[in-house]
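Protein chains: 4
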Amino acid sequence: MRTQEYHFRLIVLLSVIVMLFCWFVIPSPSSSQALMMGVEQTKNIPKTAKEAIEQVVMANRILANEGVLDALGHVSIRNPENPKTFFQARSLSPLEVTKDDILEIDLDGAIVTKTTMRPYGERIIHAAILKARPDMNAVFHGHPASVIPFSVTNVPLRPVTHVGSFLYQGVPVYDDYEPGAGMLINTKQEGERIARHLGQYRVQLLRGHGCNIVAENLPQLVASAIYLRDNALIQLQSLMLSRDIKYLSPDEAKRAMEVALFNALPLDRMWGYWVARVKKNMPDMR
Amino acid sequence: MRTQEYHFRLIVLLSVIVMLFCWFVIPSPSSSQALMMGVEQTKNIPKTAKEAIEQVVMANRILANEGVLDALGHVSIRNPENPKTFFQARSLSPLEVTKDDILEIDLDGAIVTKTTMRPYGERIIHAAILKARPDMNAVFHGHPASVIPFSVTNVPLRPVTHVGSFLYQGVPVYDDYEPGAGMLINTKQEGERIARHLGQYRVQLLRGHGCNIVAENLPQLVASAIYLRDNALIQLQSLMLSRDIKYLSPDEAKRAMEVALFNALPLDRMWGYWVARVKKNMPDMR
Amino acid sequence: MRTQEYHFRLIVLLSVIVMLFCWFVIPSPSSSQALMMGVEQTKNIPKTAKEAIEQVVMANRILANEGVLDALGHVSIRNPENPKTFFQARSLSPLEVTKDDILEIDLDGAIVTKTTMRPYGERIIHAAILKARPDMNAVFHGHPASVIPFSVTNVPLRPVTHVGSFLYQGVPVYDDYEPGAGMLINTKQEGERIARHLGQYRVQLLRGHGCNIVAENLPQLVASAIYLRDNALIQLQSLMLSRDIKYLSPDEAKRAMEVALFNALPLDRMWGYWVARVKKNMPDMR
Amino acid sequence: MRTQEYHFRLIVLLSVIVMLFCWFVIPSPSSSQALMMGVEQTKNIPKTAKEAIEQVVMANRILANEGVLDALGHVSIRNPENPKTFFQARSLSPLEVTKDDILEIDLDGAIVTKTTMRPYGERIIHAAILKARPDMNAVFHGHPASVIPFSVTNVPLRPVTHVGSFLYQGVPVYDDYEPGAGMLINTKQEGERIARHLGQYRVQLLRGHGCNIVAENLPQLVASAIYLRDNALIQLQSLMLSRDIKYLSPDEAKRAMEVALFNALPLDRMWGYWVARVKKNMPDMR
Numbered sequence: 165m166r167t168q169e170y171h172f173r174l175i176v177l178l179s180v181i182v183m184l185f186c187w188f189v190i191p192s193p194s195s196s197q198a199l200m201m202g203v204e205q206t207k208n209i210p211k212t213a214k215e216a217i218e219q220v221v222m223a224n225r226i227l228a229n230e231g232v233l234d235a236l237g238h239v240s241i242r243n244p245e246n247p248k249t250f251f252q253a254r255s256l257s258p259l260e261v262t263k264d265d266i267l268e269i270d271l272d273g274a275i276v277t278k279t280t281m282r283p284y285g286e287r288i289i290h291a292a293i294l295k296a297r298p299d300m301n302a303v304f305h306g307h308p309a310s311v312i313p314f315s316v317t318n319v320p321l322r323p324v325t326h327v328g329s330f331l332y333q334g335v336p337v338y339d340d341y342e343p344g345a346g347m348l349i350n351t352k353q354e355g356e357r358i359a360r361h362l363g364q365y366r367v368q369l370l371r372g373h374g375c376n377i378v379a380e381n382l383p384q385l386v387a388s389a390i391y392l393r394d395n396a397l398i399q400l401q402s403l404m405l406s407r408d409i410k411y412l413s414p415d416e417a418k419r420a421m422e423v424a425l426f427n428a429l430p431l432d433r434m435w436g437y438w439v440a441r442v443k444k445n446m447p448d449m450r
Numbered sequence: 165m166r167t168q169e170y171h172f173r174l175i176v177l178l179s180v181i182v183m184l185f186c187w188f189v190i191p192s193p194s195s196s197q198a199l200m201m202g203v204e205q206t207k208n209i210p211k212t213a214k215e216a217i218e219q220v221v222m223a224n225r226i227l228a229n230e231g232v233l234d235a236l237g238h239v240s241i242r243n244p245e246n247p248k249t250f251f252q253a254r255s256l257s258p259l260e261v262t263k264d265d266i267l268e269i270d271l272d273g274a275i276v277t278k279t280t281m282r283p284y285g286e287r288i289i290h291a292a293i294l295k296a297r298p299d300m301n302a303v304f305h306g307h308p309a310s311v312i313p314f315s316v317t318n319v320p321l322r323p324v325t326h327v328g329s330f331l332y333q334g335v336p337v338y339d340d341y342e343p344g345a346g347m348l349i350n351t352k353q354e355g356e357r358i359a360r361h362l363g364q365y366r367v368q369l370l371r372g373h374g375c376n377i378v379a380e381n382l383p384q385l386v387a388s389a390i391y392l393r394d395n396a397l398i399q400l401q402s403l404m405l406s407r408d409i410k411y412l413s414p415d416e417a418k419r420a421m422e423v424a425l426f427n428a429l430p431l432d433r434m435w436g437y438w439v440a441r442v443k444k445n446m447p448d449m450r
Numbered sequence: 165m166r167t168q169e170y171h172f173r174l175i176v177l178l179s180v181i182v183m184l185f186c187w188f189v190i191p192s193p194s195s196s197q198a199l200m201m202g203v204e205q206t207k208n209i210p211k212t213a214k215e216a217i218e219q220v221v222m223a224n225r226i227l228a229n230e231g232v233l234d235a236l237g238h239v240s241i242r243n244p245e246n247p248k249t250f251f252q253a254r255s256l257s258p259l260e261v262t263k264d265d266i267l268e269i270d271l272d273g274a275i276v277t278k279t280t281m282r283p284y285g286e287r288i289i290h291a292a293i294l295k296a297r298p299d300m301n302a303v304f305h306g307h308p309a310s311v312i313p314f315s316v317t318n319v320p321l322r323p324v325t326h327v328g329s330f331l332y333q334g335v336p337v338y339d340d341y342e343p344g345a346g347m348l349i350n351t352k353q354e355g356e357r358i359a360r361h362l363g364q365y366r367v368q369l370l371r372g373h374g375c376n377i378v379a380e381n382l383p384q385l386v387a388s389a390i391y392l393r394d395n396a397l398i399q400l401q402s403l404m405l406s407r408d409i410k411y412l413s414p415d416e417a418k419r420a421m422e423v424a425l426f427n428a429l430p431l432d433r434m435w436g437y438w439v440a441r442v443k444k445n446m447p448d449m450r
Numbered sequence: 165m166r167t168q169e170y171h172f173r174l175i176v177l178l179s180v181i182v183m184l185f186c187w188f189v190i191p192s193p194s195s196s197q198a199l200m201m202g203v204e205q206t207k208n209i210p211k212t213a214k215e216a217i218e219q220v221v222m223a224n225r226i227l228a229n230e231g232v233l234d235a236l237g238h239v240s241i242r243n244p245e246n247p248k249t250f251f252q253a254r255s256l257s258p259l260e261v262t263k264d265d266i267l268e269i270d271l272d273g274a275i276v277t278k279t280t281m282r283p284y285g286e287r288i289i290h291a292a293i294l295k296a297r298p299d300m301n302a303v304f305h306g307h308p309a310s311v312i313p314f315s316v317t318n319v320p321l322r323p324v325t326h327v328g329s330f331l332y333q334g335v336p337v338y339d340d341y342e343p344g345a346g347m348l349i350n351t352k353q354e355g356e357r358i359a360r361h362l363g364q365y366r367v368q369l370l371r372g373h374g375c376n377i378v379a380e381n382l383p384q385l386v387a388s389a390i391y392l393r394d395n396a397l398i399q400l401q402s403l404m405l406s407r408d409i410k411y412l413s414p415d416e417a418k419r420a421m422e423v424a425l426f427n428a429l430p431l432d433r434m435w436g437y438w439v440a441r442v443k444k445n446m447p448d449m450r
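Chains as they are written, first to last, in this note's numbering: chain A, 165 to 450; chain B, 165 to 450; chain C, 165 to 450; chain D, 165 to 450.
Each hint should be verified, as a subset may be incorrect.
The list makes no distinction among identical chains, and a pair is therefore deemed to hold if it is satisfied within one copy or across any two copies.
[What the hints assert, rightly or not] The calculated lysine to aspartate or glutamate pairs, modelled on EDC-like cross-linking and capped at a C-alpha distance of 20 Å, are:
| hint | residue 1 | residue 2 |
| --- | --- | --- |
| 1 | 443 | 230 |
| 2 | 207 | 394 |
| 3 | 443 | 260 |
| 4 | 443 | 356 |
| 5 | 410 | 342 |
| 6 | 444 | 260 |
Derived by calculation from the structure, the hints in this document are not laboratory data.
Here the structure is a predicted model, which is why all the values come from computation and not from measurement.
Please construct the entire structure, taking both the sequences and the accompanying hints into account.
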């Protein structure tokens with residue numbers, strides 16, 4: 165038994181030494197790494213279908229108000245009460261969307277809501293992506309001008325600023341359109357092809373057309389749509405200065421996304437800002 | 165008779181097999197090709213002179229509100245009650261046009277309306293084009309900044325995005341100005357020369373001056389004017405990235421125009437959007 | 165007497181033939197050359213000091229509202245009642261100028277108005293130019309961003325669009341600053357040097373600083389300031405497409421200025437447009 | 165005595181000649197050098213903590229209203245009653261900041277105000293710079309799009325226009341981020357490293373992230389932030405015209421900063437302008 169007791173005491177002693185070492189030598193979270201470690205999830209996540217509908221209306225208005233979407237383009241959110249359906253506006257410009265315009269749609273693109281309202285033809289993109297990506301809950305499809313050049317040339321879109329950090333994986337360009345379909349994506353087959361091409365990326369460009377973005381939640385998605393546009397413009401301007409650009413490295417960008425873009429403290433500040441601007445410009449949203 | 169009956173039954177059986185094959189194997193229009201086949205004409209087509217006047221007022225306001233026209237430039241619509249006249253504002257900035265400012269003008273540029281109001285000098289362009297193009301009912305003449313570079317260099321304007329798909333035929337550049345006329349087009353002879361140069365195209369540039377656009381109806385025309393500007397800017401930015409651009413092919417672009425730009429579902433959404441923005445910014449249009 | 169009578173009748177007959185020829189063969193002004201011949205002066209020319217003060221207030225507001233001037237830059241008009249003085253705001257941003265802020269200043273830059281209000285330091289530019297150019301009645305000094313690149317490189321600013329036609333003479337670049345004066349022009353000597361450098365041009369750039377513009381009247385001046393900015397941007401974009409640009413020829417540009425930019429019909433339309441926008445955005449100007 | 169009297173009269177005569185020479189030949193300060201000599205400090209300097217809080221609220225609103233800051237970025241002012249603390253908003257977009265959102269923070273980044281409100285993570289930058297630079301009283305941290313290209317290429321940002329004159333020392337680029345920190349600066353160590361890198365400069369860029377600016381007072385700081393953005397854009401456009409640019413020389417730029425940008429007459433005009441625009445757009449600030 166003495167040997168056992170000896171071993172026991174040795175373990176306790178070593179544990180104390182390790183704990184003291186941790187305490188005094190490793191920098192404490194509160195001094196040097198407080199925020200780095202404090203990666204929090206945004207609180208702006210709807211729990212009910214009703215909240216999700218309200219949030220997707222706000223996302224439509226934000227994207228219109230910030231000039232990311234005009235009459236075309238759309239945004240969707242997975243139903244928190246049923247992961248096999250999502251909410252999206254009827255065929256209407258994002259500027260005009262109210263909660264009465266929101267349809268419930270299933271992951272094959274069929275309209276669940278009993279209504280005569282017409283859906284977007286390209287809802288099929290949202291359905292296919294939400295089906296293929298159970299890890300994601302929000303999809304954007306739009307045509308911001310600044311991203312198109314990166315879809316029609318062989319210059320890849322890359323993160324050049326920390327607000328473009330969510331592009332850390334790179335951005336593939338889809339160019340496998342249905343022949344004769346005029347670049348309009350409205351068959352289930354092409355929707356699935358788009359989703360396969362997206363794979364595990366967060367953003368894909370569509371050649372000569374626009375882009376799709378996915379995110380865990382709508383605040384992330386809106387931030388991604390706005391800063392995708394900005395990163396593309398900044399990258400273009402940088403390339404006009406020099407072809408020798410120091411992009412964010414993949415690791416650096418991934419970390420920047422986690423601590424500086426999608427972390428609750430800055431992300432909730434952004435969401436609050438965009439909402440404040442909507443309320444200022446759109447009296448019916450106050 | 166047995167052989168006949170046998171043949172009959174065989175035919176019935178084969179027919180059933182073919183029908184079942186069609187039903188289960190070939191994708192049904194409603195699932196996969198619903199929108200591709202459903203190319204519809206916009207409902208926003210005026211039936212009367214009164215409606216045409218109201219619509220051309222709205223088109224003026226939209227083009228001012230979207231920043232496509234400033235004090236200069238103008239838009240016209242053929243009279244639905246008389247294809248030999250058209251409606252256009254008196255010499256006034258599009259921002260300020262009301263229905264009391266609309267003149268009826270014939271296809272030689274003579275003012276039909278009994279009035280002392282002064283017309284635009286360049287109405288002659290609209291008259292000549294509407295005379296030469298019975299297939300078209302609306303004309304735009306303006307000077308969006310982003311198109312000028314393509315009129316003074318030998319770089320052709322081409323469709324680089326699906327919203328520029330209406331440029332599928334290419335864009336000729338007019339440079340046959342009346343010597344000594346200071347680029348102002350106000351003789352009948354030059355109007356006819358412009359119309360001949362336009363030929364069957366939808367858009368022509370005027371060197372160092374601007375562009376003319378034609379369309380079947382005003383919603384198409386307004387969409388063309390707005391997205392002509394945008395396509396030009398995106399093409400310029402693309403060319404700054406690389407001289408090796410994958411443009412829309414002519415077939416692809418023509419199809420995109422039909423199903424994704426001028427099809428009723430998206431076109432009416434655009435028109436609704438532009439009208440909503442006019443109503444927001446111009447109290448007298450509510 | 166018969167010979168005389170014969171001659172007389174012959175002359176009458178020939179006169180009638182010539183008149184008929186003119187009537188039927190030469191195109192009448194009303195059909196083909198009406199506007200080309202009808203170069204009219206704008207009616208918006210103040211006759212009294214009071215009207216000039218009101219107009220220079222409006223010009224300040226227009227240039228602020230159109231984004232040509234921010235806090236810096238200024239505009240002046242010669243006193244219609246005394247060609248040896250001019251009107252200009254006290255040191256105040258153009259956005260904020262009212263008629264109570266207008267000073268009368270003589271052509272040496274001395275303040276005629278009895279006041280303790282402080283003038284712009286650079287009023288000396290306006291004084292020197294109005295003294296050197298009795299043919300001109302309005303001066304602009306400002307710093308539109310798009311013109312600066314043409315002042316710091318050896319690429320000359322040239323008319324690339326008909327609204328830039330007033331640049332038909334070319335645009336000299338001043339770079340003879342008082343050593344140690346920090347590019348601020350506030351000595352009478354430098355004012356005179358600037359005016360000599362301007363000579364008979366309508367526009368001069370100041371290296372790394374901005375530009376001066378002169379015009380016969382304020383509507384011309386405001387049009388010149390706005391379209392100088394636009395022409396510079398369009399020229400820059402054109403040069404990004406190609407170094408081989410077809411500029412307006414000097415003759416073509418001069419004529420375009422006369423018939424299409426400074427002619428009463430379009431110029432008054434522009435002025436009306438800019439005033440309408442001021443009234444929309446600035447309640448105190450209604 | 166005659167010789168003495170002769171000398172005396174000669175001296176008097178020479179003195180009179182010299183005085184007359186000075187009077188007539190050398191330009192008097194009041195005519196030629198009045199403004200050059202009259203470099204005055206702005207009056208807009210808060211004397212009390214209360215005034216400083218009001219001014220930093222206004223600076224937040226100006227920077228939001230002028231589009232320099234969106235949801236991200238922040239501004240601070242040293243406490244006039246205690247140089248060892250400064251005022252800055254809690255984690256909130258500059259657009260929304262009111263005086264109730266201002267925290268007092270010490271030069272180690274600790275929150276002095278008794279509150280549960282959360283501060284910006286990057287307050288550490290402001291704390292470190294204000295500690296290292298007792299000559300400066302205001303700090304800006306933001307991400308204007310036009311400066312990023314100069315942070316990711318080896319093209320240095322330089323003064324190309326007199327409103328960019330405050331860049332006379334050049335602009336160093338920081339690229340010594342904490343590994344694994346995702347470009348977020350929130351450790352005291354990195355704050356100090358940033359401050360050391362800034363040294364005696366007025367502006368530093370952060371690679372792929374943004375910039376820090378320091379100034380003696382808030383009006384200077386706001387002018388610097390706005391014109392840093394503008395100078396970067398103008399420099400980019402200039403470089404697109406030609407790689408051979410005539411920048412402001414360091415001496416010329418320093419002098420231009422003193423007499424034309426940070427001198428009371430123009431600086432107070434700018435501040436008044438930005439305040440007027442805030443009051444127009446933000447009813448709660450009237």
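Looking at the structure, which of the earlier hints fail to hold? 2 and 4
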